[in-house]
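Line by line, the protein sequences give chains A and B.
Heads up, the first sequence is in the numbering used here, so the first residue is 1 and it goes up one at a time.
Heads up, the second sequence is in the numbering used here, so the first residue is 1 and it goes up one at a time.
The set of hints was computed from the structure by calculation and includes no laboratory data.
Some hints here could point you the wrong way.
[Stated by the list, open to error] When the alpha-carbon atoms are kept at most 30 Å apart in a straight line, the in silico DSS-like pairs for lysine-lysine are as follows:
hint, chain 1, residue 1, chain 2, residue 2
1, B, Lys5, A, Lys334
2, B, Lys5, A, Lys320
3, B, Lys56, B, Lys271
4, B, Lys166, A, Lys114
5, A, Lys320, B, Lys126
6, A, Lys181, A, Lys198
7, B, Lys5, A, Lys237
8, A, Lys137, A, Lys203
9, B, Lys33, A, Lys38
10, B, Lys33, A, Lys35
11, B, Lys166, A, Lys80
12, A, Lys38, B, Lys43
13, B, Lys126, B, Lys33
14, A, Lys145, A, Lys181
15, B, Lys5, A, Lys35
16, B, Lys155, A, Lys80
17, A, Lys320, B, Lys64
18, A, Lys17, B, Lys166
19, A, Lys114, B, Lys5
20, A, Lys38, A, Lys80
21, B, Lys5, A, Lys33
22, B, Lys56, A, Lys320
23, B, Lys43, A, Lys35
24, B, Lys43, A, Lys334
25, A, Lys80, B, Lys5
26, A, Lys38, B, Lys5
27, A, Lys203, A, Lys147
28, A, Lys198, A, Lys170
29, A, Lys355, A, Lys114
30, B, Lys126, B, Lys268
31, A, Lys334, B, Lys166
32, A, Lys355, B, Lys126
33, B, Lys126, A, Lys237
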Amino acid sequence: MMNGEEFPQISTLEPGKQNVRLKAKIVSLQQRKIKNEKGETVYFYGILGDSSGTISFTAWAFPATIQSGDVVEIKNCSTKEYNNVNRVYIDSRSEVVLRPGEDLEVKRTFRELKIKDLSTTNPYVSLEGRISGVMEKEMERDGEKQKLYYADLEDDTGKIRLTSFGRSLKEGESVRIEGAKVSEYNGRLRLTINDKTKVLSTKLQYTITERIVNLADIANPIGGITVQGFAVNLGPKSGLVMRCSQCNQKLDDLRCPDHPDAPFVYDLFAYFTIDDGTGHLQCTGGRMPLLPLIGLSPDDFVPSNKNISRRGVQSLLEEKIPGRAFVIGGDVIKSQIGLSMRIRDIRPMDEEFLKTFSRMLEADFQ
Amino acid sequence: MISRKREFAYWVYAREIRDSTVLEENHEEERAKPYVITPLGSKIRRVLITGRVTQKNSEENMTKMTLADSTGNFYLTAFSNDFGSQGKIMLDSLEPNDMVMVMGRLTTFQNEGKIYFNINPEIAVKIDDTSLKYWNLRASHIARRKIFAIRAALKSESPTSEDLRKMGYTEEESECAVRAAKNYPDYNTADMESVASGLQSPGATPEGDTVHRELVLDYVRNNDEDGRGCRYEDILAAATNAQISQGEVDEILNTLGSDGEIFEVSLKRYKAI
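With the rest of the complex left out, here is chain A (with noise of 0.2 Å):
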């Protein structure tokens, strides 16, 4: 179907065509820059729409001027689908001009979408999943107090954090969402609810257990997820950390230049990749799941026990660590160096692990 000035309507594109001329609102602009053999280059993304719906697009150029909420015209795109969604792009061939004055009403469509499966990519997206740890604060906006609730959101795919602008949440409930917004925020994906967005009771098809991932299908940054592997090195930085009492700063000389008179605390961190046969992932741990792993007590960390060295830490970590298979409980957030772990509870491999882990991999044949 063609409006008035004969583009087609964003409902109706389909994949695999070129030359297309389109008349869109930008609901949304991002840029990303990439690193490869050539040198950096930066490429724009983000999501087109009129009155028949949305749909994402990549651009190699985009001009400087054009911003989010303006209507463009777009001409002598393509469309392609990637990852099973239809995608429109924007080469060199392509022109974009800006339609001053104009606006167009979108027609918001949402993605039924897994936590595991979240992205910024498709930012507007419908979901299921059960509510926990609720906090609420409040805030001033427009002058007006608001309240502002946190909570986690969980399904049996992952966990992500949500935000919920005036909308209380329940602690336990299960909920369908349908109007979602995806952010990212230092590394960790976040889910924010509006006034705008539906939230429905419901009851979830399914039960929520240990979420047992494989290493290669990790693809965005996900919460609440456990991974199993070979631990195949030790960051050589990974070892006792001297921070300050009263800031946390890490130290390196044993007095704090903001507080000299504070007395530093231990602290512990570790890297190191894990290989699972799929592929492999950079981990970081600090004190709380490595202490016990590497057999100190908290009580025992402390700088009045005399047992406690650098080189006796950086020890345990070398004999504990490399080398060995563990279960590992965590976040996956996204940095410079790419997809990383940050990890909650780390546990050696055991034979009760084995047994849900065999189940898992023997239901691929069945």
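On the provided structure of chain A, position chain B as indicated by the hints.
What follows is chain B alone, placed relative to chain A:
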């Protein structure tokens, strides 16, 4: 600085390496070692393996070690040069009969048309039974899925990775299957599947006497390295890896002898008939 992608470490059985006859030169990197293309289509330059140490020969400048899994032997070499000294220290700390996990670079050399494989260890650590079971579970699962993908690929005249992905195989499995179908169209995957299936259970214990018997017989058939017969110690190590006790190994060897499947060519050395 341009970051280099970490070389994938393949979890493979000794037999998958031993049966490999195809090398692929890497033209992108100068002086790079070739990839080994295995019968299951894996394109390997690094492996992560487990097994029992059956032989160790440590000299000042070099340590050689033989590692046996339930399907055959891996040969490891570490030198005391700048690049290999850590590997040599690790190998030197291990003793015969230790169960170990090794990650290392797979190197090849050819002589009279035959390819020989060697592993330069980057990490070699003694492991416990549970870790070994875990490795076996995962490695057998990987091998079985690849075998199923290869069979699916062989049903098509010109299999593509995309077709296999649509059937539910991962990108890696699909690419391996296409490579295997191209390079080893006549490879018998049934034997490998039988070994992998036997090691799939959490106890890594093949069920039933027949599976154990087949494992031992298969090992004797395929591991007569010097033509003087397969060594009892190697059979025992391979069988122990597959959670078969020494008593059961002795019984199986006796039965195979009585059935005319094998004979003891010299003291504690066996040949298949």
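- Pair hint outcome, Lys126 (chain B) versus Lys237 (chain A) [Cα-Cα no greater than 30 Å]: holds, 24 Å
- Taking 30 Å as the top limit, are the C-alpha atoms of Lys5 (chain B) and Lys33 (chain A) close enough? holds, 18 Å
- Sort out whether Lys80 (chain A) lies within 30 Å of Lys155 (chain B), counting only the CA atoms. holds, 29 Å
- Pairwise hint evaluation, Lys166 (chain B) against Lys334 (chain A), where the allowed Cα distance is 30 Å at most: holds, 28 Å
- Pair hint Lys33 (chain B) and Lys35 (chain A), alpha-carbon separation not exceeding 30 Å: Roughly 25 Å between the alpha carbons, so the hint for Lys33 (chain B) and Lys35 (chain A) holds.
- Task: Given the hint that Lys5 (chain B) pairs with Lys35 (chain A), test it: the Cα-Cα distance must not exceed 30 Å.
- Result: holds, 12 Å
- Message: With the threshold set at 30 Å, check whether the alpha-carbon distance from Lys114 (chain A) to Lys5 (chain B) stays at or below it.
- Response: Within the cut-off at roughly 29 Å; holds.
- Item | Holds or violated: Lys33 (chain B) to Lys38 (chain A), with C-alpha atoms at most 30 Å apart | holds, 23 Å
- Are the Cα positions of Lys43 (chain B) and Lys35 (chain A) separated by 30 Å at most? This hinted pair holds, its Cα atoms lying about 25 Å apart.
- Message: Hinted pair, alpha-carbon criterion (30 Å max): Lys80 (chain A), Lys5 (chain B). Please report holds or violated.
- Response: holds, 28 Å
- Do the alpha carbons of Lys198 (chain A) and Lys170 (chain A) lie within 30 Å of each other, as the hint requires? With Cα atoms ~15 Å apart, Lys198 (chain A) and Lys170 (chain A) stay inside 30 Å; holds.
- Item | Satisfaction of hint between Lys334 (chain A) and Lys43 (chain B), Cα-Cα up to 30 Å | Status holds; Cα separation ~28 Å.
Every hint, counting from the list given before, is met by this structure.
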